[in-house]
Amino acid sequence: MPTDPLVVVAVFAVLGLAFPAAPLIVSQIIAPRNPGKEKNRPYECGTVEAGDPWGQFKIQFYMYGLIFLVFDIEALFLFPWAVVFKLAGPLGLLEMLVFI
Amino acid sequence: MVEGVFILMKDTIMRQAALVVPAPLLPILAAVVSSTAILVFAPVTMMFLTWFERKIVARFQDRLGPNRVGPFGLLQPIADGIKMILKEDIIPVGADRWVHHLTPVLAVVPVLALFLVLPFGRGMVAADLNVGVLFFLGVSGVQTPLVIAAGWGSHSKFSVLGSMRAAAQILSYELPMVLVIVAVVMASGSMSTSAIVDAQASGWYVLTPWGAAGALIFLLAATAESNRTPFDMAEAESELVAGFHTEYTGFKFALFQMAEFLSAFAAGGLAVTVFFGGWHGPAFLPSWAWFVLKMYAVFFVLVWFRATLPRFRIDQLLAVAWKFLFPMSLLVIASAAAWTVLDRVPALIVSLVLLLGGWWLGSAVLLREFAAMNKPRSFARAG
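Sequence order for the protein chains is A and B. Take any residue in the first sequence, note its place counting from 1, add 10, and you have its number in my numbering. Take any residue in the second sequence, note its place counting from 1, add 1, and you have its number in my numbering.
Simulated from the structure, these hints should not be mistaken for laboratory data. None of these values were measured; they are calculated from a predicted model. Ideal Cβ positions, reconstructed from N, Cα and C, are used throughout, including at glycine. Possibly wrong hints are sitting among the right ones.
[To be verified] Listed below are several chain A residues computed to face chain B (Cβ distance under 8 Å; list not exhaustive): (1) Pro15; (2) Leu27; (3) Ala31; (4) Val36; (5) Gln38; (6) Pro42; (7) Asn44; (8) Phe78; (9) Val80; (10) Phe81; (11) Ala85; (12) Leu104; (13) Glu105.
Isolated chain B (complex conformation) (with noise of 0.2 Å):
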């Protein structure tokens, strides 16, 4: 009964409005509940998940977090909005008005499209696009642009500094994160979100050597993607003020807040589809709940990396992502094809070996690189 909570809900809906509109508009009304469904959930995840952040990191920082709004703090996220509403909005002088403006709302629509092919619970996914994960990580790819833009735009050098750095660290973690999905959609063989879902009936992908592999690879990834901490060199406010959004105030800033908070959600949630499982979980709890549970515990783990892990410098971020990232997701390539041609044993070793071997091969490369980063230069001959 529970399971079924929200297609009842739309079945509701449409029944009672094929009675009204004429039939040739149906389609486009199925649609819009769909869509309506997600512009509600976004945003009112959003809000809870920045007082989620606030609280968890005040625990781990022995603080009580957000208690004074409502019980536990929990309208605080409702109070910071009204404040973000009433707040002037400053336009730099010299700064392009049109992309001043723009870049914000623009900012939002591509991440909240990437909820569009998460499958939620069985057969709750808005629009099943058979090319699900490719729609998913070429949305996603729009961030970059449009960081470009809204640094630029804004007519001030911390601004440009910010999203130059932004740009190359979103285009380096694009490829590891790329690469692993390739390794998922081999193992499934569909880029449909639902029907790598289905494939993980009898068992999630994370239990796999390469999907363990991939799966950290991909956590890593998502979290640089969507510059979050240990990866926010684009807005490390100890170097570059505020990054990219440095000129940007009022609701401008919530927009821009809200973009990066609901593309680490959506990044979770992908994770959750293309290696936890999706929606398979013990049947006393609906599939939907597993999901949203799952991408909570992902969420979690990202505010765990920032509760605890100082910020990477911009050098070794790259070198993170090409020596070390880039050729680990190949292996995780390789490693899935090992696993769905040869036999269980011989699988399991040759991806043990790939895997492992890389691992130590890549870290211990990446240290010695880290090394030499660090010698002090040309002091050597001033003494």
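Only chain A is shown next, with the shape it has when bound in the complex (with noise of 0.2 Å):
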């Protein structure tokens, strides 16, 4: 009897979170805890940190996203159309080139 692939799907999901995470306690349970008032400040090449990273700050790319948002949606909609390829013929091609 075949299984459901998506059975398999949700199956691996719970056994997959629970593999990274075994180890990860067992990690807090053995490894040694000795917090410091300066080991535990973020990596800044050793200087007292200077500002917040978490204010504001300009995020060079986002043209880039964006135009990644409209061509992904494109991508998308050539899927289906992907596979029906060659029963489409040409002017399914056709079509697909005023699309792009």
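Both chains are given apart, each in its own frame, so use the hints to dock them into the complex.
Take a look at the structure:
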């Protein structure tokens, strides 16, 4: 009796979550714990950190993000077209050309 | 005999289990068996991959590499793993504790799930989804928000900068990767990974002009997607310390490392599946051995990149993705269309003209772009 692949994915999600979590928990138990004021400061080349990293900063690449959004949706529409590509014939090809 | 050994193992387990487990639970048990197989395969492979990469890079640099722990240093990864578990876990002041604990775990899960849809051999795919490649691309896309969360959650400037770069890079290279896969889906008429492998029984896609260009684009994009040199801007040691995982120590660091290695390896697996004929190969080796061998061959090429090439600059990197790889992948789609619609000879002419012309034009534009980027800007007026 073949198993539904979605069942496999669901079971895997549970097992897969346990797999990296288990050694992390073991590590939390057996690893030494010796926090210090200096040691726990975020790394900034040894100097006292200046300013707040959670403040405003310039996202240089937001343009790329916007273009990506447009083209990624286009790519999503390409997938169903690609599956039926051989049935759609030259007209389908032309229509997709116009769409792109 | 050797061919079906893993399927035989699963069948035997299932037959024994059928005697004690009630029938409605059997599909779930089958899923558990397949999942366990992958969860054993993946970490063992990851350990071996770290050894493999270190050995090969050492060879390239005229060193010996790990050679103290066990024969040829083969037990080195195990020693590393034990060390990682024993290390103190440091959470920086001001960090978001929940995000800091969760992201390493969550980063590994989707990468492991990528192995679900790879057909390791004849009839050896854990979850034969009919949208297999789409599942692969979607699940590998989950990395982006996790990387941002990991950087943001550590409350360190290096981490935040690294994660922003990583996000821009992963987004940019996702697109050529997806479009090239669209070409494969067109040629095979299916999104299921096992059907794509079946469609290549008569000829690997890499042997067609569009397939060769597509495989090249896919490999470049996959290298960038998994943040490996020469595209490892996200964790460029010389400028960003370690990028988004600067503030992660001990086993959390190990988990990020594992996610990186395994995603590179899984991307190699997808390249093998869609371009290099999957598990097809001469019959003297079983199909799964062919598949794993090909995966290691692709991974070797990635290590080769790393040992040979210097790192890109971030603006050059994004320019390569948007001004070269993206138009090229559209041309790959066009030439794949020509290949499936036209006869062999006109198809060959059309695709060669498209691909070589595009390659020539694209690299000319890119070189001009690089030259413009490197021109000194404001210094000219100062003198």
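Taking the hints in turn, this is what the structure says about them:
1. Pro15: holds (4 Å)
2. Leu27: holds (6 Å)
3. Ala31: With a closest approach of 5 Å, the Ala31(A) hint holds.
4. Val36: Hint holds; Val36(A) Cβ to chain B Cβ min 6 Å, cut 8 Å.
5. Gln38: Holds. Min distance 7 Å.
6. Pro42: With Cβ-Cβ at 5 Å, under 8 Å, it holds.
7. Asn44: Constraint on Asn44(A) satisfied, holds at 6 Å.
8. Phe78: For Phe78(A), the interface hint holds, since the closest Cβ of chain B sits about 4 Å away, which is under 8 Å.
9. Val80: violated (10 Å)
10. Phe81: holds (5 Å)
11. Ala85: Holds, because the Cβ-Cβ distance from Ala85(A) to chain B comes to roughly 5 Å (cut-off 8 Å).
12. Leu104: violated (11 Å)
13. Glu105: Violated, about 12 Å.
Going through the hint list in order, the structure does not satisfy hints 9, 12, 13.
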